[in-house]
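Protein chains in written order, with my numbering: chain V, 8 to 226; chain B, -8 to 71.
To be clear, the hints were calculated from the coordinates, so they are not data collected in a lab. Being a predicted model, the structure only gives us computed values, none of them experimental. Accuracy of the hints is not assured; some may be wrong.
Claimed, not checked - With a Cα cut of at most 27 Å, we get these calculated DSSO-like pairs of lysine-lysine:
no., chain 1, residue 1, chain 2, residue 2
1, V, Lys96, V, Lys72
2, V, Lys96, B, Lys59
3, V, Lys72, B, Lys59
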Amino acid sequence: MGDPPILASEPDLAIVERLRAGDETAFMMLVEQHQAAMLRIARMYCSSRAVAEEAVQEAWLGIVKGLDRFEGRSSLRTWMYRIVANIAKTRARTEGRSVPFSSLTGEEEGNAGVDAAWFQGAEGRFPGGWRAFPDAWTEVPEDRLIGDETLGRIGRAIDALPPMQAEVIRLRDVLGWTSEEVRTALDLSEINQRVLLHRARSRVRRELHDYLTGGTETT
Amino acid sequence: MSERPLTCHELVELVTDYLEDALSPKDRRRVEQHLALCDGCTTYLEQMRETIRLTGMVREEQIPEDQKQALLEAFRGWIR
């Protein structure tokens, strides 16, 4: 791909230096930040949680031992996630297991975030126009919007997404990664990354809307 | 030359491309022209922005302490 390389940040390079020097605090910081996501990525490809945990352990070893090969042509975290994904895929192959891409992205699933029934059909006065405008959330108090209950709903809505959609929205919106980082880490095309993000956000919005306005949009 | 206006259904499916700034100037204009006239889609777009904001407040899951300890032990072996 002819895209300009993402360059590692100064903090990335500083962490790499500290790891090379055997700095345990730096290592534990990386573990805190990335272990959960690395496990989820491995889990996409591996048959069980135990195998995924082994794959992640192997990935950490690969990361620590491979630091000299980290050239800073990507951010440290995308480099790390690619290592996990590659190890997990290799493990899956050894186990004779192949996970179709479409099952990760949810291409065949009907859990759309946008329902065609919200819009008028060809017979309507405005084909493709709203049957009824969505109720705004402006009346919902901020306390409720940012309360544990609402955020818990969002978390569960994300958990219920097809794995690759869930990972894209987690990295982009929960963790605040850039789209370039996400597609490099997850080995997605620019368009694919955006399509998955769109499906994920649309679905989460829909769940939120049902919750905040009392379920005016039917499944 | 006038372009066919977007329907609401089409707009709702373009919301992410719009927010990601991935539309051609022409399509971006079509989205903005539609939004200027449509309260339903304006509300929808606002809700997508809220969804992104609130998703940003969700906490990443925590990992168990023993898992961290095991990794730390392993790290000590690797760097030797």
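Here's how the hints hold up against the structure:
Only pairs whose Cα atoms come within 27 Å are accepted, and V:Lys96 paired with V:Lys72 is accepted, the gap being roughly 20 Å. Of the supplied pair hints, the one linking V:Lys96 and B:Lys59 holds, its CA atoms being roughly 24 Å apart against a limit of 27 Å. Between V:Lys72 and B:Lys59, the direct Cα distance comes to roughly 19 Å. Compliance with the 27 Å bound is thereby established for this hinted pair.
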